[in-house]
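Peer 1: Residue numbers (my numbering): 1 to 274.
Heads up, none of these hints are tricks.
Once the Cα atoms are required to be at most 25 angstroms apart in a straight line, the calculated SDA-like pairs of lysine to any residue come out as: (1) LYS64 <-> GLY43; (2) LYS81 <-> THR103; (3) LYS3 <-> GLU98; (4) LYS70 <-> PRO121; (5) LYS111 <-> ILE97; (6) LYS231 <-> GLU164; (7) LYS44 <-> VAL126; (8) LYS61 <-> ASP249; (9) LYS141 <-> ALA251; (10) LYS66 <-> ASP114; (11) LYS125 <-> PRO250; (12) LYS100 <-> ASP2; (13) LYS136 <-> HIS203; (14) LYS3 <-> ASN42; (15) LYS129 <-> LYS221; (16) LYS100 <-> PHE19; (17) LYS225 <-> ASN147; (18) LYS174 <-> LYS231; (19) LYS156 <-> PRO263; (20) LYS81 <-> PHE109; (21) LYS70 <-> PRO122; (22) LYS141 <-> ILE180; (23) LYS44 <-> VAL5; (24) LYS134 <-> ASP249; (25) LYS231 <-> ARG9.
Computed Cβ-Cβ distance ranges for the label pairs, DEER-style: (26) ARG71 <-> GLY30: 19 to 27 angstroms; (27) ASN144 <-> GLY118: 35 to 43 angstroms; (28) GLU94 <-> PRO270: 31 to 39 angstroms; (29) HIS203 <-> PRO270: 25 to 33 angstroms; (30) HIS108 <-> PRO270: 37 to 45 angstroms; (31) GLY172 <-> ASP90: 43 to 51 angstroms; (32) THR183 <-> LYS3: 51 to 59 angstroms; (33) GLU117 <-> ARG153: 33 to 41 angstroms; (34) LYS125 <-> ARG26: 24 to 32 angstroms; (35) ASP110 <-> PRO270: 36 to 44 angstroms.
Note that these hints are calculated values from the structure, not bench results. For glycine and all other residues, C-beta sits at the position ideal for the given N, C-alpha and C.
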Amino acid sequence: MDKVVIEGRKLINGIERTFYALPRNREFAGKPISGIRLFIENGKIDFAATNGYRLAMYSSKLVKDKTKWKRAYTVPAREMKELVDNVQKDEEVEIVIEDKKITFKGLHFDKTVDLIEGRYPPYHKVIPKEYNIKIKVSKDKLLNAINTVIKERPYKNSEAGPYERIVLRLQGKKLVVSTILPTDPLPEDYKSRIYDIPAEVIHNYFNDISPYVCLNEIYLKNAMKPISGAKVVIGFVNEYSPVTFISPDPAYGYLGLVMPIDPNTHNQLPLVRL
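Construct the complete structure from the given sequences, taking the supplied hints into account.
Peer 2: Listed below in structure tokens is the structure:
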């Protein structure tokens with residue numbers, strides 16, 4: 001039996017800040033990827049969710065941790081979501097794992113559900129350890145830039161629905177946002193499809209021209225939504241590696257990861273193998 005205790009507000013944060021990244025496709029129902037992953041080690045807990053193309057993770061300290069070594073469990077997402085309505089932010093919630101079941105115990109509720117068995121994608125391995133470019137921008141200005149350059153949503157998939165491709169590139173101290181790839185022919189209205197915003201450059205290891213990344217508009221917006229506050233920190237590796245979105249506050253605990261669209265084939269690149 002494993003037992004840990006977590007603050008109610010942190011349990012709520014873990015669910016609400018990761019739930020959006022779960023797959024929408026019903027073919028994954030009942031499979032490990034359909035649940036929220038709990039990873040427990042050394043008095044900390046990670047909540048993680050992915051649909052194979054993006055990842056949301058929230059990390060927090062536990063009030064108590066009686067596990068002797070690292071543990072990982074996958075909990076059905078719907079049952080996790082139902083906890084939000086029952087948990088008080090200022091209470092402590094005991095989590096007990098035993099016989100392939102997980103129980104959440106609060107002041108006024110006691111909920112037991114079956115764990116989802118099977119291999120969960122190795123999400124820890126895809127989180128970049130270093131970034132070639134790291135910048136801080138206004139979240140509102142970036143969202144406004146995205147909405148300004150979008151004229152239509154010509155692309156569609158079962159996970160995101162209709163969307164536009166958003167191209168991000170750092171030029172000097174500006175983040176250029178557009179819907180035009182460097183290889184695309186320029187449309188007549190190209191000027192209205194390009195917008196730049198100020199960027200605070202934390203570091204940039206490229207000496208000349210910075211690479212661009214092409215992202216699914218919906219994934220991009222969703223990754224920023226859980227971040228409260230005016231600013232968002234964005235980390236880039238290259239045009240084929242995941243882009244990271246975090247809060248400037250290290251204690252916030254949230255990380256959003258979005259895999260780019262391949263600039264050559266225009267296909268969504270996978271983050272993890274399912």
